[in-house]
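J.: This is what each chain is made of:
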Amino acid sequence: MPEYDVLIVGGGVAGLGAALAAKRAGAQVALLSKTHPLRSHSATSPGGMNAAFGPDDSWQQHAQDTLQAGGGLCDPAAVEWMCREAPQDVIHLDHIGVPFNRDAEGKLDRRIFGGNGVPRAAFASDLTGHTVLNTLYEQFIREDVPAHEEWLATSLVVEDGVCRGVLALELGTGKLEGFSARAIVLATGGAGRLYDSSTASQSCCGDGMSLAYRAGLSLMDMEMVQYHPFGFRDRATFASEGALGDGAVLCDEAGQPVVSMNGLPPRDELCRSLAASGARTVLDFRALGKERISARFFYLARVANELAGISLDKEPLPVQPRMHRVLGGVQTDLRGATAVPGVFAAGECASPGVHGANALAGNALTAGVVFGRRAGTAAAAYVQAAPAGGIADTVLDYTERELAVVFSRPSGEDTVVKIYRELAAKMADKVGLVRDETGLQDAAECVADLKTRYTQVGLRHHGKMYNHELLTWYELGSLLDVAQAVVVAAQARRESRGVHQRSDFPTRSDTEWQQHSLVTSGPDGPDLATCPVNTSAW
Amino acid sequence: METTFKVYRFDPENGRKPDFATYTVDLPDSATVMDGLRHIRDELDPSLAFRASCDRGSCGDCALRINKKGKLGCTLQIAKTVKDGVVKVEPIRNIPVLKDLVYDMETFLWQKIKSVKPWITPREPEPDGEYIVAEEKLLEVRKAMSCVMCGLCDEGCVVIKIDKKFVGPAALTKAYRAVFDPRDGEHEHNERLTLVSEPGGVWDCTHCFEANGHCPLGLEPTTRLFEVRDEAIRRGIRSGTKNPKVQRHYDSFVNSVKRSGWLDEGRLAIESEGLTNIAGLAKLLPTVLRALPKGKAPLPYLHPKRPGTQAIRRIIEKAQRREV
Chain A
1 MPEYDVLIVG GGVAGLGAAL AAKRAGAQVA LLSKTHPLRS HSATSPGGMN AAFGPDDSWQ
61 QHAQDTLQAG GGLCDPAAVE WMCREAPQDV IHLDHIGVPF NRDAEGKLDR RIFGGNGVPR
121 AAFASDLTGH TVLNTLYEQF IREDVPAHEE WLATSLVVED GVCRGVLALE LGTGKLEGFS
181 ARAIVLATGG AGRLYDSSTA SQSCCGDGMS LAYRAGLSLM DMEMVQYHPF GFRDRATFAS
241 EGALGDGAVL CDEAGQPVVS MNGLPPRDEL CRSLAASGAR TVLDFRALGK ERISARFFYL
301 ARVANELAGI SLDKEPLPVQ PRMHRVLGGV QTDLRGATAV PGVFAAGECA SPGVHGANAL
361 AGNALTAGVV FGRRAGTAAA AYVQAAPAGG IADTVLDYTE RELAVVFSRP SGEDTVVKIY
421 RELAAKMADK VGLVRDETGL QDAAECVADL KTRYTQVGLR HHGKMYNHEL LTWYELGSLL
481 DVAQAVVVAA QARRESRGVH QRSDFPTRSD TEWQQHSLVT SGPDGPDLAT CPVNTSAW
Chain B
1 METTFKVYRF DPENGRKPDF ATYTVDLPDS ATVMDGLRHI RDELDPSLAF RASCDRGSCG
61 DCALRINKKG KLGCTLQIAK TVKDGVVKVE PIRNIPVLKD LVYDMETFLW QKIKSVKPWI
121 TPREPEPDGE YIVAEEKLLE VRKAMSCVMC GLCDEGCVVI KIDKKFVGPA ALTKAYRAVF
181 DPRDGEHEHN ERLTLVSEPG GVWDCTHCFE ANGHCPLGLE PTTRLFEVRD EAIRRGIRSG
241 TKNPKVQRHY DSFVNSVKRS GWLDEGRLAI ESEGLTNIAG LAKLLPTVLR ALPKGKAPLP
301 YLHPKRPGTQ AIRRIIEKAQ RREV
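Residue numbers (our numbering), protein chains in the order written: chain A, 1 to 538; chain B, 1 to 324.
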């Protein structure tokens with residue numbers, strides 16, 4: 001059985017950052033990831049990462065804009081640390097080679113996103129996530145960190161209340177194996193595939209959220225589901241919201257501008273008004289000219305041509321809101337620590353309280369980089385005095401028998417794919433931009449029904465090697481957990497705040513609901529609790 | 001649009017030889033080849049294995065051979081590739097296949113990427129803030145970094161086809177990213193340039209330009225490989241430590257043209273082997289003996305100067321000053 005001090009689960013920006021930080025802090029660290037790190041969803045993040053520099057900006061202003069966007073639900077302490085440390089992280093990324101765009105003086109250029117008072121997003125064309133991921137990966141292979149690629153973590157092993165490691169399935173062979181670790185950093189990414197018209201990669205299935213949930217940890221603010229206004233009409237991709245700040249214009253199909261940068265409403269309001277009006281919108285880049293499009297939208301120009309047959313310098317790109325990400329995640333403190341000693345979480349699967357009810361555009365990569373590093377450092381510090389990892393053979397045996405049961409179920413009419421499709425369609429239909437009790441109840445019943453079907457469904461393919469149906473079975477299990485948490489929290493929050501809008505409770509209620517929702521797994525299903533917004537360190 | 005997919009199938013678990021399976025799919029006109037494969041796996045045959053992640057041309061996971069051309073499955077619309085109603089899908093070439101359309105990237109690409117040490121060491125003195133760098137200096141670095149590591153340039157490489165040790169255009173494009181990044185430390189630069197000049201590196205490229213033609217992003221890997229090689233020469237690295245013949249060949253070529261205005265092929269052959277390399281020179285003998293009776297063996301050091309040799313020499317000297 002492989003044994004490590006710190007095992008990072010997930011190879012995106014947060015995971016690689018955590019691995020490098022833990023290694024720098026002297027820990028014996030390894031990485032385990034479902035895909036090769038360079039295939040992570042971080043590669044798709046286009047626009048930029050917020051960090052306050054220069055005389056026109058300050059970390060306080062960045063924090064202010066973040067808190068404003070978060071609708072009273074951000075933890076100010078988490079926001080403060082992110083905004084204070086982001087500039088140093090961006091400088092570090094520049095020093096290790098992220099090819100950030102430069103201004104006329106050779107300094108970092110900035111672009112502005114909605115909700116930000118000043119341009120503060122450092123960017124590398126519209127390849128920011130891609131180049132940050134690749135740069136971190138370069139340092140990762142330089143450090144020779146052992147990497148277990150194409151392994152799916154199937155459960156966290158917690159004994160006597162302490163982290164011992166994970167069990168994982170090797171996708172190439174179908175082999176289950178225990179990985180002993182004193183500390184685990186979950187950095188498995190988001191759960192965008194919960195919705196059928198999202199911007200998510202195939203891998204975003206809430207794996208880490210579900211691992212933590214099943215280990216008894218709380219999922220925080222799960223009802224907060226963000227949409228992106230500039231999704232492609234029929235593909236899971238999108239144009240950076242930075243397009244508007246860079247001079248593109250959002251128009252209706254008659255060419256009339258719908259919104260300008262001066263009056264740009266926050267992302268959630270824009271999505272709701274676009275969805276409500278039913279207007280078919282286009283994003284018009286023509287005013288930028290070919291050269292500027294190439295410098296700032298290098299990726300989009302290619303993919304718009306390949307997937308939509310559009311030349312950005314000649315014709316506008318049809319866009320529509322698409323589900324973007326679940327803002328909530330595994331509840332952590334400012335170091336990424338959870339309530340189980342030795343279990344840490346960072347990146348999109350985690351919720352240190354920095355996004356609140358609506359993430360400020362440009363903060364996603366920043367949060368992944370800052371809190372990934374913090375979690376890696378904290379995990380390395382934790383293992384100095386932590387009990388050894390170790391997984392009893394009986395745990396592995398039990399899990400292997402469980403898997404054998406799944407394989408032994410007869411395959412019938414129902415399939416894993418059918419259950420997934422019904423789930424994703426229901427979530428988009430009833431737990432989307434605007435919710436109400438009737439719809440949420442419908443969704444809750446549907447999810448409960450799908451959970452039952454999930455426990456009975458058989459697999460049609462029984463091969464061991466790269467059995468995608470088996471992988472989907474695991475992913476669907478995670479998504480059902482996440483769905484339940486989202487729906488329960490959305491039902492409980494009887495108010496409208498940020499991205500969570502209830503047509504039956506259209507106003508914000510600070511007296512009752514300026515607090516986080518927490519969903520934990522109880523004996524009879526999900527338990528809902530609340531906790532106050534943590535202002536202690538502010 | 002109804003389309004016939006002919007898909008390569010190979011499953012080591014069933015012991016059968018690789019073959020093609022045929023599926024009929026009916027998808028909207030805008031559907032991609034990846035949509036087709038997913039439809040087959042979800043609806044028709046759950047045993048089909050392939051890789052796919054971002055579904056938008058950002059991650060490089062789904063490089064495949066589609067109707068005989070290396071492509072990213074997720075950005076290629078069926079309508080743009082279908083021929084006589086058929087889309088034929090195979091794994092990329094020059095790589096061990098694990099199952100169906102899943103292949104082993106480890107030795108094909110990941111180890112090669114690591115072998116060129118493509119990481120940046122901050123140049124001293126490391127500033128407190130960002131490096132002050134002109135945008136033009138980073139433009140091409142950024143373009144090279146937009147590479148999604150799909151491996152399609154290596155798939156099309158005629159050298160890798162016969163020599164798996166050639167590090168290949170993908171890894172050398174990755175090297176380009178580091179070599180031309182103005183923020184990288186000088187010491188690391190030269191170490192890397194020596195590394196890529198060793199056997200299996202830049203000198204093993206045959207200049208066929210296939211990599212340029214195969215890159216789905218138009219990043220011109222062949223051209224970038226040349227630029228890495230030229231940069232090595234500019235820094236005085238004319239070979240690696242294990243292939244001194246390259247440097248001798250290079251020097252002889254230049255000296256010959258400098259002396260007489262054209263290439264002294266006999267001299268080149270001898271000096272490339274090395275004047276004291278008896279074994280190497282002996283290896284040339286059979287060729288010389290075959291060529292002599294046909295009048296095809298050029299006598300070294302005796303060929304006449306071309307008109308304008310002086311001007312040619314001046315051009316070379318000027319170029320050499322620039323290299324230094």
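Rather than coming from a laboratory, the hints here were simulated on the basis of the structure. All figures in this text were calculated on a predicted structure; none of them were measured in a lab. Check before you lean on any hint, since a few could be wrong.
To be verified - Taking lysine-lysine pairs in the DSS-like style, the calculated list, with each CA pair at most 27 Å apart, reads:
hint, chain 1, residue 1, chain 2, residue 2
1, B, K117, B, K165
2, B, K294, A, K464
3, B, K117, B, K17
4, A, K107, B, K165
5, B, K80, A, K314
6, B, K161, B, K258
7, B, K164, A, K290
8, B, K68, B, K137
9, B, K294, B, K242
10, B, K117, B, K88
11, B, K17, B, K242
12, A, K418, A, K464
13, B, K296, B, K242
14, B, K258, B, K245
15, B, K80, A, K464
16, B, K17, B, K6
17, B, K69, B, K80
18, B, K296, A, K290
19, B, K283, B, K164
20, A, K175, A, K430
21, B, K6, A, K418
22, B, K283, B, K294
23, B, K80, B, K17
24, A, K418, A, K451
25, B, K83, B, K6
26, A, K175, B, K17
27, A, K464, B, K83
What the hints assert, rightly or not - Some but not every residue of chain B turned toward chain A, in silico, with C-beta under 10 Å:
hint, residue
28, G15
29, R16
30, Y23
31, R51
32, T121
33, N212
34, K242
35, N243
Said to hold, decoys possible - Which stretches of chain A does chain B cover? Using the computed rule of at least three CB atoms under 8 Å from a CB of chain B, they are:
hint, segment
36, 40-49
37, 179-193
All C-beta atoms in this analysis are idealised placements derived from N, C-alpha and C, irrespective of residue type, glycine included.
J.: Which of the numbered hints are not met once you compare them with the structure shown?
T.: Violated hints: 2, 3, 4, 6, 7, 8, 9, 10, 11, 13, 15, 18, 20, 23, 27, 28, 29, 30, 33, 34, 35 and 37; rest satisfied.
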